[in-house]
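Just need the whole structure built from these sequences, with the hints factored in.
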Amino acid sequence: MNRSPLILVTNDDGMNAKGMETLISVARKFGDVVAISSREPMSGMSHAITIKVPLRVKLVEDEPGLKRYITNGTPVDGVKLVFNSLAERKPDLLLSGLNHGSNSSSSVLYSGTMAAAMEGAINHIHSIGFSLLSFDPDADFSASARVAEEVIQQVLENGLPDGICLNVNIPAVPSEKIKGIKICSQANGYWKEEFEKRIDPNGTTYYWLTGFFHNREPENGGTDTDEWALKNGFVSIVPINTDLTAYKVMEQMKTMEFVQTGKND
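Each number in our numbering corresponds to the 1-based position in the sequence shown with 38 added.
Rather than coming from a laboratory, the hints here were simulated on the basis of the structure. All values reported here derive from a predicted model rather than from experimental measurement. Keep in mind that the hints are not guaranteed to be accurate.
[Stated by the list, open to error] Keeping only pairs whose Cα atoms sit at most 30 Å apart, straight-line, the calculated BS3-like set for lysine-lysine is:
(1) K220 with K269
(2) K220 with K67
(3) K215 with K67
(4) K230 with K220
(5) K118 with K90
(6) K96 with K128
(7) K90 with K128
(8) K118 with K128
(9) K67 with K217
(10) K128 with K67
(11) K269 with K56
(12) K269 with K230
(13) K128 with K105
(14) K230 with K286
(15) K105 with K118
(16) K118 with K67
(17) K105 with K90
[Stated by the list, open to error] Computed Cβ-Cβ distance ranges for the label pairs, DEER-style:
(18) R236 with N196: 44 to 52 Å
(19) G271 with I237: 41 to 49 Å
(20) T261 with S213: 20 to 28 Å
(21) K217 with M291: 39 to 47 Å
(22) L282 with N196: 22 to 30 Å
(23) E232 with E295: 38 to 46 Å
Glycine included, each C-beta is placed from N, C-alpha and C at the ideal position.
This is how it looks when you write it as structure tokens:
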């Protein structure tokens with residue numbers, strides 16, 4: 039007997055985030071959904087896991103085709119919990135988001151949204167992270183929902199290579215202003231952090247993280263990157279590899295001679 043795909047939906051903005059509500063609605067068009075999120079926003083948690091305190095989980099909604107859980111853990115904790123304890127069977131697809139804010143370029147390294155997607159890819163599950171370029175809690179996700187539906191359909195029909203997940207970023211513009219979808223590379227850029235020194239009402243010094251994004255791509259180049267695509271009104275899709283090995287550099291380093299071990303074999 040054929041059964042509906044089981045789709046895991048998670049995020050890093052908390053269970054009540056509008057983006058997650060939107061993604062759950064889209065996911066339910068394709069199969070049964072199990073959703074899990076943290077009690078509080080976990081943006082910037084990357085691939086953190088909880089090892090010093092007990093993990094707690096509460097079932098907050100249970101209806102045909104949908105179960106929702108809330109946890110005190112991180113996004114990756116939530117994914118691990120579903121894989122190992124909460125789901126009756128292995129999910130067929132993992133969807134993370136819809137994130138409030140961009141996860142393009144080097145932001146992928148800090149993102150709890152994308153870490154959840156990468157955890158899925160590590161566990162041999164087709165996984166997609168979705169982000170809208172707006173931090174507004176009440177942002178318009180209607181265009182993002184249509185993009186998500188199209189990408190999910192393609193992945194369900196065609197699959198993804200093992201160990202690969204997709205990083206999908208969507209401009210915060212109406213549907214009619216989105217020029218299309220581009221398959222991109224990750225832009226060469228970084229966040230330049232600045233810490234503002236402040237004094238609290240008790241006279242104690244504290245620091246507040248601010249900063250800006252610096253794009254290293256040539257001013258008139260980089261047209262195949264996610265940053266260029268988003269700046270020019272396109273949805274960007276970057277295939278992310280969970281294997282971080284720099285293979286070209288590895289081959290170069292084999293010519294090096296190390297004092298303790300002699301020449302590399």
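Results for each hint:
{"no.": "1", "hint": "K220 with K269", "result": "12 Å, holds"}
{"no.": "2", "hint": "K220 with K67", "result": "24 Å, holds"}
{"no.": "3", "hint": "K215 with K67", "result": "25 Å, holds"}
{"no.": "4", "hint": "K230 with K220", "result": "27 Å, holds"}
{"no.": "5", "hint": "K118 with K90", "result": "16 Å, holds"}
{"no.": "6", "hint": "K96 with K128", "result": "20 Å, holds"}
{"no.": "7", "hint": "K90 with K128", "result": "27 Å, holds"}
{"no.": "8", "hint": "K118 with K128", "result": "11 Å, holds"}
{"no.": "9", "hint": "K67 with K217", "result": "25 Å, holds"}
{"no.": "10", "hint": "K128 with K67", "result": "19 Å, holds"}
{"no.": "11", "hint": "K269 with K56", "result": "24 Å, holds"}
{"no.": "12", "hint": "K269 with K230", "result": "19 Å, holds"}
{"no.": "13", "hint": "K128 with K105", "result": "15 Å, holds"}
{"no.": "14", "hint": "K230 with K286", "result": "27 Å, holds"}
{"no.": "15", "hint": "K105 with K118", "result": "16 Å, holds"}
{"no.": "16", "hint": "K118 with K67", "result": "24 Å, holds"}
{"no.": "17", "hint": "K105 with K90", "result": "27 Å, holds"}
{"no.": "18", "hint": "R236 with N196: 44 to 52 Å", "result": "51 Å, holds"}
{"no.": "19", "hint": "G271 with I237: 41 to 49 Å", "result": "43 Å, holds"}
{"no.": "20", "hint": "T261 with S213: 20 to 28 Å", "result": "23 Å, holds"}
{"no.": "21", "hint": "K217 with M291: 39 to 47 Å", "result": "42 Å, holds"}
{"no.": "22", "hint": "L282 with N196: 22 to 30 Å", "result": "25 Å, holds"}
{"no.": "23", "hint": "E232 with E295: 38 to 46 Å", "result": "41 Å, holds"}
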